[in-house]
Amino acid sequence: MANGILVFLEHRDGVFTKVSLEAVAAGQQLGASLGQPVTAVVLSADATLAQGLADFKIDRVVSVESPKLAEYTPDGYADAMEQAVRALDPQFVVMAHTYLVRDYSPKLAARFQKGVISDCVRAAVDNGSVTFTRRIFLGKLDADVVSGGEPPVFATFQSGAYRAEGAERGGGAAVESMPVELGEVRMKPEPPFQEVKAAVDLSKAEVIIAVGRGIKGQEHIALAQGLADVLGGDLAASRPICDANWLPIDRQIGSSGQTVAPKLYIALGISGAIQHLVGMKNSGTIVAVNKDPEAPIFDIADYGIVGDLFEVVPVLTEELKKLKG
Amino acid sequence: MKQVANKDAILRINKEATWIEEGDLSHEVNESDGYALEESLRLKEKHGGEVVVCSLGPQRVKSVIKDALARGADRAIHVVADNVKDLGPFSAAQILAEAIRGEQPDLVMTGLQSDDAGYGQTGVILAELLGLPHATIVIEVDASGDALRVKRELESGWYQWYAMPLPALLTIQSGISQIRYATLKGIMAAKKKEIREVSPAAEAGPSGGHQRVTKVYFPHKTKQTQFLGDGDAKAGASQLAEKLRNEARVI
Ligand SMILES: Cc1cc2nc3c(=O)[nH]c(=O)nc-3n(C[C@H](O)[C@H](O)[C@H](O)COP(=O)(O)OP(=O)(O)OC[C@H]3O[C@@H](n4cnc5c(N)ncnc54)[C@H](O)[C@@H]3O)c2cc1C
Ligand SMILES: Nc1ncnc2c1ncn2[C@@H]1O[C@H](COP(=O)(O)O)[C@@H](O)[C@H]1O
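Top line first, the protein sequences correspond to chains D and A. Note that our numbering has the first sequence beginning at 121, numbered continuously upward. Note that our numbering has the second sequence beginning at 970, numbered continuously upward.
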């Protein structure tokens, strides 16, 4: 009978990513609440990487190996994970909701005639049954989700849902090698690269004024610029603003843009989708101006104004000018 | 292309607390799907061929379809179903797969994620069901050679090119190109274009309960936000200036 929690670990340049350790923490907590063992699975060309898990409190460490796993491809990973899941027969497969996992896990789940319960923010266990909570409508609402039917249940967790430091140590399972034969890999990856160095480096900025779609048009960017000037700050933006070329891409904050932690971050007309929040949530003081009182950005703001940014910003700019003398 | 609730809509939860109240809501095309259409139109302009739009949903999704036809798509398949929110990503992909399989497309493009359910999966599952290689979070498509080459966005400013044979499926990221507007001529031409209505294939039922929503609610707030102005935006602005200086001491 299916039993246990299988945790998938992602690695880059020979180290496990921080969010993978968050997945370990999620798996351990789920395992403890359900009284089920935790198995970690690492996909690579050899067992070296999996050795790195030796001091975690994990019941089994399985190193799934094939020369075709030396670099990531969705075909290779889905094939390898399918074999691991069929052999290990877990009740839950837990993964971090990263770009890599988004790329292959739906393909994996489809081989079991189902989808993934994706981008969860928590899992609660009550009487042996698990309720997953996912953010929907770009973070505006939460949905509790249960899974019936045959195991395994595939679930991914949002970055920050669990703490990487929460992954328990002590245990030391020996690494088990699982060689696999993989099917044809149809896609050929070229080496990853970064675009030529960004012209603006916002990671050192002390004050950031960020605009979102609430700014309505490129002609209104000047309004935010005026506020930035008074505060000696830099302008930044959410993705749709850069997509529309209202500001250059190197001013984008978030999972696919820059990560910043200024002393002061003022978000104007930004809803607060998780992909934006991951890029700025460690800022010192966070201010949000949004006309929607339920906008998720308010959940991480120290100060909030529910209202029209076109009314707020001119007054704020004037008042700050006065205060600064 | 999926139709979703308007991004600026004020969401209300339905009586059963299982989804949002849809009755009085306005809808629009899912953001990344608009970019997927734009990219298909550009490929067609370069290489010829035909762009077919497929949408699964109730009659109201016709507005998304008509808009796509006005922008330049050649024809459309409307899979008529009212229960889209109950399907889950696997069943939705199954239905879409059966609706387009007979077209034998060279390239299938979807958005990378829907702005309502946000599964981020339907495209990838669709690729698996159709037996196609795929790439996700695509921000550039180079179809000039024999093989397809696509640029994928990775995390924190990294990118990677992938090459793969056709036919293939790509999930498109917002911002891949600037979206065109429909012209008056396009809107007129769209009136003559075919919209074929089909029913969901019989074998693709509801998700077998492997992903059932039991409750929808507003997230619990974890941080104590100080709300300023109490509805008066200008008063809030003056209070904020004062607080930034004297309380947060950031200026
Ligand atoms: C794989 C992936 C990667 C992504 N990467 C990033 C990323 O790096 N960075 C990023 O930002 N996003 C990213 N996104 C997109 C993200 O999911 C959101 O779509 C985006 O952040 C929304 O931007 P927004 O808040 O500006 O727009 P919206 O969500 O449309 O919000 C606009 C807000 O403005 C408010 N508003 C409107 N008018 C006014 C007014 N007059 N006054 C005050 N408020 C007003 C509205 O109430 C609303 O809350 C990514 C998405 C995916 C799937
Ligand atoms: N009902 C639908 N009709 C047409 N396309 C859809 C539908 N649902 C999902 N898709 C496509 O799949 C993508 C990913 O959706 P999702 O898996 O819900 O995040 C969307 O951007 C659409 O391109």
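Treat the hints as calculated values from the structure; they're not laboratory data. The model shown is predicted, which means the values in this text are computed figures rather than measured ones. A couple of the hints might just be wrong.
Derived CB-CB ranges, DEER-like [claimed, not checked]:
1. A:Lys-1184 <-> D:Arg-289: 43 to 51 Å
2. A:Phe-1196 <-> D:Pro-299: 52 to 60 Å
3. D:Gly-155 <-> A:Arg-1149: 20 to 28 Å
4. D:Pro-187 <-> A:Thr-1183: 43 to 51 Å
5. A:Glu-1166 <-> D:Glu-191: 52 to 60 Å
6. A:Asp-1111 <-> D:Ala-152: 45 to 53 Å
7. D:Glu-438 <-> A:Tyr-1150: 34 to 42 Å
Partner residues aside, some chain D positions facing chain A, computed with beta carbon under 10 Å [stated by the list, open to error]:
8. Tyr-219
9. Asn-247
10. Ala-263
11. Gly-334
12. Gln-338
13. His-340
14. Leu-343
15. Pro-368
16. Gln-378
All residues carry an ideal CB built from backbone N, CA and C; glycine is no exception.
Item to check | Structure versus earlier hints - violations, ascending order | outcome: Result: hints 1, 3, 5, 9, 12, 13, 14 and 15 break, sorted rising.
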